[in-house]
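Q: The residues making up each chain are set out below.
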Amino acid sequence: MTMGWLSPEEWDAVRLSLSVSLRAVAVSLVPAVFIAWLLVRGRFPGRVLLDALVHLPLVVPPVVVGWGLLMLFGVRGPIGAPLLEWFGVRLVFTSEAAALATAVMSFPLIVRAVRLGIEAVDPGLEATARTLGAGRFDTFLTVTLPLMSPGILAGAVVAFAAGLGEFGAVITFASNIPGETQTLPLAIYTATQTPGGDAIAARLAGISFALALAGLLLAELIARRMHRLLGRG
Amino acid sequence: MLSLSLSHRFADGGFALDVAFEAPGAGVTALFGPSGCGKTTILSAVAGLMRPASGRIGRGGEVLFDSSSGIFVPPERRRCGVVFQEARLFPHLSVAANLRYGLSRAPTGAEGPGLEEVVDLLGIAALLARRPGRLSGGERQRVALGRALLSRPRLLLMDEPLAALDLARKAEVLPFLARLRARAGLPILYVTHALDEVDALADTLVLLEAGRVLAAGPVEALAARTDLPLAARRDAGVLIGCVVGAHDARRGLTRLDFAGGSFLVPLRAEAPGSVGRVRVRARDVAVAIAPPAGLSVQNILPATLAEIVAGPSPHEAFLRLAVGPTTLLSRVTRDSVQRLGLRPGQALWAVVKAVGFGFGGATG
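Chains as they are written, first to last, in our numbering: chain W, 1022 to 1254; chain R, 37 to 400.
Please keep in mind that the hints were generated in silico from the structure rather than gathered at the bench. Remember, it's a predicted structure, so these values are computed and weren't measured experimentally. Ideal placement from N, C-alpha and C gives every residue a C-beta, glycine not left out. Do not take every clue at face value.
What the hints assert, rightly or not - Here are some chain W residues the structure puts well away from chain R; computed CB gaps all over 12 Å:
#1 1043
#2 1097
#3 1160
#4 1230
Stated by the list, open to error - To give an idea of the interface, some chain R residues facing chain W are shown, with a C-beta separation under 10 Å as derived from the structure:
#5 80
#6 138
#7 145
#8 149
#9 169
#10 173
#11 183
#12 186
#13 187
#14 190
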């Protein structure tokens, strides 16, 4: 397969995919860490329900998630209408919408990875920090967070790699606008629907493949480094 | 002074804890008992790492926990330094950062040893830049001890700090604990199921079994009692405080003086004047009704038979022997008592086959 030079439109799709996925991870990382922490260490009624809700995007068809977002954030939706009225923000059909849809879809992936990271932290170390004079939040920041950081990083990288390929939710909520919401998978889809677009589709598919692979390798590399840094062999 | 009364029932297994005791405001109080007797639970309750169903924990004039008034001081404000069995060093921090973790969080104005002093005391200067993962078990335990000390605690809690170590590592850490004990001021609550650690470190003993306190008091007093499960152990016997009297390098002997007499033991390294404690096991003490002759045993002491009490089995008895103001226990068969016609008040010779000195033990 030859890579050749990309047209400006194709470059746009690559850049947009990277930017959308990065923003999606940035938006969902902090809430995901908080939710994962609640799910592992929290003792409250409704924990099982929260767990199910978080995992919903994994099992619900992406188109349905996109439709749900459209209903909520559309210009006449319960969130979209006030946003437009009070802040003049119109989300639908923008790259922010693509990022939001991607964030919702990849949220369970991050939560799962962070959760594994927290479960690897010995509660005995947290208890020890408390006896040494650290309060709950202090303990979380200085002991729990550094020790779960491999999980956070792994979650972020996997979510980023998966986010590059989000299709159904993005096309439903943000539509397929070249240069604005047409990410890599959308561009590939468009190319396959265009007569003579096979070469373009192949090039973009190759890039998709390479980016995803690079992401996963990077995740593995970071995980190993972190484990060594944390003294777990 | 730590005063504690707790009751707690664990949902799983139905294990019930119901204890009350007081620990003096200085010295080492050992919580001693078989595993599963509730020692560690008591320690966790004092540290604030678990909340008992009911009870009260007070230290000096301050209340750490009181179920009746709903007081529960969180662990970070109890100022209890804890040393756990598995060291629990923070793996992502260097040894130096581990040591400073508690130090930087100690209340301003809290008195205590500085970093250099503690590093010196524990001999860990060479380890400061290392990660906990690269330390041996003994080194880890010393760093954990230093970290707890540097948090400027008002009470040091130790949960079987030597149990995870092999004999050589144990011998490496124990002197540091003894040195720490010698520095007055910091009371220590020490959980263990090893009698040699009690002998080497404890001033006060709290004897636990199945979630209850069997007896509590000075170690020497409890060791001389024959009605406690301690007496059924192979190493049952009295603990005698003594001073290193003199060394005789030519004969390879050291004289240990105690109230009422002295023991000769193989040459010790301790300087004359050092204070220590020996354990004289009841099964290592025999008696003779006439002055024995031709024995290899070094220590033959004139004694008076004070009392004959029930032994660990129906066929055995304990003899309580008075050597001056000091009491020795001897474990003999019922048959020997009959055969020799032993009766209280009788003058005897106590033949002491072995004297355990502090840690490790020596024979004489």
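Q: Next, verify each hint and record whether it holds.
A: Now the hints, each set against the structure:
no.	hint	in the structure
1	1043	holds, 27 Å
2	1097	holds, 50 Å
3	1160	violated, 8 Å
4	1230	holds, 35 Å
5	80	holds, 8 Å
6	138	holds, 4 Å
7	145	violated, 14 Å
8	149	violated, 15 Å
9	169	holds, 3 Å
10	173	violated, 15 Å
11	183	holds, 7 Å
12	186	holds, 9 Å
13	187	holds, 5 Å
14	190	violated, 12 Å
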